[in-house]
Amino acid sequence: MRSSDWRTVPVAAALLPEADDPIASAEQRAQIDAIIAEHSVKPGSLMVILNEIQAQIGHISKPMQNYLAEKLHVPLKDVYGVVTFYSFFTMKPRGKHRIAFCLGTACYVGGAEMLIEKAQQILGVKLGETTPDKKFTLEPCRCLGACSQAPAVMIDNNLHGRNTPDRFITVLRKYEKIEHK
Amino acid sequence: MPVTSLEDLKAIKEQALAQRAERRADARNDRSVSEIRPPTPKEVRVILARCGVIDPEDIRDYIAEDGYVALMKALTTMTPRQVIDEVLKSGLRGRGGAGFPAGKKWEFAAAQKSDVKYMICNADEGDPGAFMNRSVLENDPHSVLEGMIIAGYSFGAHQGYVYCRAEYPIAVQRVRLAINQARELGFLGKNILGTGFDFDIELRIGAGAFVCGEETALMASIEGRRGEPRPRPPFPAVAGLWGKPTIINNVETLANVGNIIRNGAEWFAQFGTEKSRGTKTFTLAGDVVRTGLIEVPLGITLGEVVYEIAGGIKDGKKFKAIQTGGPMGGCIPEHLLETPLDYESLGAVGSIMGSGGLVVMDEGTCMVDIARFFMDFIQDESCGKCVPCRIGTRRILEILERICAGEGEEGDIEQLERLSKYILAGSLCGLGQGAPNPILTTIKHFRDEYEAHIKEKRCPAKVCKKLIHYRILDTCPGCMVCARNCPSGAITGEKQKVHHIDPNLCQSCGICMSVCKFDAIVVE
Numbered sequence: 001m002r003s004s005d006w007r008t009v010p011v012a013a014a015l016l017p018e019a020d021d022p023i024a025s026a027e028q029r030a031q032i033d034a035i036i037a038e039h040s041v042k043p044g045s046l047m048v049i050l051n052e053i054q055a056q057i058g059h060i061s062k063p064m065q066n067y068l069a070e071k072l073h074v075p076l077k078d079v080y081g082v083v084t085f086y087s088f089f090t091m092k093p094r095g096k097h098r099i100a101f102c103l104g105t106a107c108y109v110g111g112a113e114m115l116i117e118k119a120q121q122i123l124g125v126k127l128g129e130t131t132p133d134k135k136f137t138l139e140p141c142r143c144l145g146a147c148s149q150a151p152a153v154m155i156d157n158n159l160h161g162r163n164t165p166d167r168f169i170t171v172l173r174k175y176e177k178i179e180h181k
Numbered sequence: 001m002p003v004t005s006l007e008d009l010k011a012i013k014e015q016a017l018a019q020r021a022e023r024r025a026d027a028r029n030d031r032s033v034s035e036i037r038p039p040t041p042k043e044v045r046v047i048l049a050r051c052g053v054i055d056p057e058d059i060r061d062y063i064a065e066d067g068y069v070a071l072m073k074a075l076t077t078m079t080p081r082q083v084i085d086e087v088l089k090s091g092l093r094g095r096g097g098a099g100f101p102a103g104k105k106w107e108f109a110a111a112q113k114s115d116v117k118y119m120i121c122n123a124d125e126g127d128p129g130a131f132m133n134r135s136v137l138e139n140d141p142h143s144v145l146e147g148m149i150i151a152g153y154s155f156g157a158h159q160g161y162v163y164c165r166a167e168y169p170i171a172v173q174r175v176r177l178a179i180n181q182a183r184e185l186g187f188l189g190k191n192i193l194g195t196g197f198d199f200d201i202e203l204r205i206g207a208g209a210f211v212c213g214e215e216t217a218l219m220a221s222i223e224g225r226r227g228e229p230r231p232r233p234p235f236p237a238v239a240g241l242w243g244k245p246t247i248i249n250n251v252e253t254l255a256n257v258g259n260i261i262r263n264g265a266e267w268f269a270q271f272g273t274e275k276s277r278g279t280k281t282f283t284l285a286g287d288v289v290r291t292g293l294i295e296v297p298l299g300i301t302l303g304e305v306v307y308e309i310a311g312g313i314k315d316g317k318k319f320k321a322i323q324t325g326g327p328m329g330g331c332i333p334e335h336l337l338e339t340p341l342d343y344e345s346l347g348a349v350g351s352i353m354g355s356g357g358l359v360v361m362d363e364g365t366c367m368v369d370i371a372r373f374f375m376d377f378i379q380d381e382s383c384g385k386c387v388p389c390r391i392g393t394r395r396i397l398e399i400l401e402r403i404c405a406g407e408g409e410e411g412d413i414e415q416l417e418r419l420s421k422y423i424l425a426g427s428l429c430g431l432g433q434g435a436p437n438p439i440l441t442t443i444k445h446f447r448d449e450y451e452a453h454i455k456e457k458r459c460p461a462k463v464c465k466k467l468i469h470y471r472i473l474d475t476c477p478g479c480m481v482c483a484r485n486c487p488s489g490a491i492t493g494e495k496q497k498v499h500h501i502d503p504n505l506c507q508s509c510g511i512c513m514s515v516c517k518f519d520a521i522v523v524e
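Chain order of the listed sequences is A and B.
Residue numbers for the first sequence follow our numbering, so the first one is 1 and each next one is one higher.
Residue numbers for the second sequence follow our numbering, so the first one is 1 and each next one is one higher.
No wet-lab data here; the hints were simulated from the structure.
One or more of the hints may lead you astray.
Stated by the list, open to error - Just a few of them, taken from the derived set where beta-carbon distance is under 8 Å, the chain A residues facing chain B: (1) TYR80; (2) VAL82; (3) SER87; (4) THR90; (5) MET91; (6) PRO93; (7) HIS97; (8) GLY104; (9) TYR108; (10) GLN120; (11) CYS141; (12) CYS147; (13) ALA150; (14) ASP166; (15) THR170; (16) ARG173.
All values derive from a computational prediction rather than experimental measurement.
Virtual Cβ for every residue (Gly too), placed ideally from N, Cα, C.
Excised from the complex, chain A in its bound form (with noise of 0.2 Å):
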């Protein structure tokens, strides 16, 4: 069954969005159907839209994945196993500001792992997680490709290199203020 409004297509409660999805506001489904309009024709979208999607909103959750299956007519394990498969893609909001720890071998032999140590102690959070103040996420992530200037990190698409422990917190309150000891 196809059907041009989507909520009248039967879906299983994972699937449907609670009051903070994207998918429960208007503006922000605009914004998906606007993403969709522009790439839909285009072979192949289904990265394309993901991408956008993901810069544009932060996040896919499962009912975002159904909606934008329905729309594309594709089936919705498509939709998930692509989402599943790359690791820029999220099914959780991030916070504002994403932490990205290089995790390349120079980064990695320059002391990458004390860095993340140290960032946990500051933020409170583990890596992977998100700050409760929705400030900051703390993420892995593959070689950044600036291994001269290990290690290194990316905040949102900022590049800091030389990082050392006792200096990180200077380059967070770039961004936020960050009380600490």
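Here the structure of chain A is known, so what remains is to put chain B in place on it, guided by the hints.
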């Protein structure tokens, strides 16, 4: 105004050169300046010749350095067959790592009868420790586009894709800009340079999957699917993207094409060795005095790179190993430093050329830990399609983690070698086939370190956390910096009194030692 003749190009060149001083004043590419040093005597700059010289965000500055002259030459004075012959004659081999002759690939695709063919630029440079493609894309994006258009012309493609990884936001932005500018001047689109040849390029962005650097996985990703490799044959040149003949070349391979067409095959072949022609960019990282991007003629020895170009090991420490070819490469010890950097020689010592990342490690690096690090990477990035790679790499990782934790057993080394053999034999793509390299080379050259971990429960390089502990010496002046920085609160002590580390709370992270300004903390 679209460019249609050599005169148009010359006019743009003269105008751009005249305006260059003015444009230089606003230095937009300071990121490149910090990375690309002036060449040392052993280096030859061909691919990097324009990097850091031109403004990558202005196509006219590329034309000022004779950009798009090669495209003009190929499209107006050469037949597609002549283009292929020239590239064949130059001896250019794939710079993505496998080293397949580029001209031969194009020849295969040209022989296919199909009205639709595709040209793909593989800009999914994922090897940790490699950033030469990023540098070229960020500092000289048009050289790659020019190579793509010429390649497309040679075998009859009319649509190209640049598949760039998402970790490189600046490269993505500059390539996008470059495509738009090339379209405005008529180097892309319909009837290029008035020759009747149509070709356009679309930029596609990855989403953080290392395996997408493998050509069949990359095509699956462009098609909007999970990036899982498939068996070959059929090779992409026969049935690739959407089942059509497709050529996939690395960024650097394509960046060479313009130079070959403009200067001729003989000019290119003067660099390098008999079987490995030309120059190659490498990235130097790790414990050397000068890290960064270099470009050398193929055939230069590893020793020359480490000691003459990189200036040797920093802080007066001793050389231990050089890792080439990324996570699927191998670790090469000191006695093999005479190995020339070319495709065959690196293969002979159990490593690979890969895309060209060189990581130098000093005596403070634990080779078992490095093997564990690479296996952690490969295990995480294995797409899961082939069972030996999916499960074998996990089993290897578990054994290595045990060894690093001081729980290694007799027979572990033999088990690692056995698993490596099965993974090598039973995997479809380069990721699985290369996965055992770091294990096998470290076992071969640094077996004593494995044995120290397993038999003596000792990490000779003092790296493996479970096998070391930190201690504060009596010379500690009590500055409290270590206590403030300890993430687990294991350090106690009063101001101006000797501090103490609680071994039960200490996680052996080493931050205290790195922040101590008095060398009062030791690792044992």
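Now for the hints, and whether the structure bears them out:
1. TYR80: violated (10 Å)
2. VAL82: holds (6 Å)
3. SER87: Status holds, d = 4 Å.
4. THR90: This hint is violated: THR90(A) lies away from chain B, its Cβ roughly 10 Å from the closest one there, beyond 8 Å.
5. MET91: This hint is violated: MET91(A) lies away from chain B, its Cβ roughly 13 Å from the closest one there, beyond 8 Å.
6. PRO93: violated (17 Å)
7. HIS97: violated (15 Å)
8. GLY104: holds (3 Å)
9. TYR108: holds (6 Å)
10. GLN120: For GLN120(A), the interface hint holds, since the closest Cβ of chain B sits about 7 Å away, which is under 8 Å.
11. CYS141: holds (7 Å)
12. CYS147: holds (4 Å)
13. ALA150: Nearest chain B Cβ about 7 Å off; hint holds.
14. ASP166: With a minimum Cβ separation of about 5 Å from chain B (threshold 8 Å), the hint on ASP166(A) holds.
15. THR170: violated (14 Å)
16. ARG173: violated (17 Å)
Checked against the numbered hints listed earlier, the structure breaks hints 1, 4, 5, 6, 7, 15 and 16; every other hint is satisfied.
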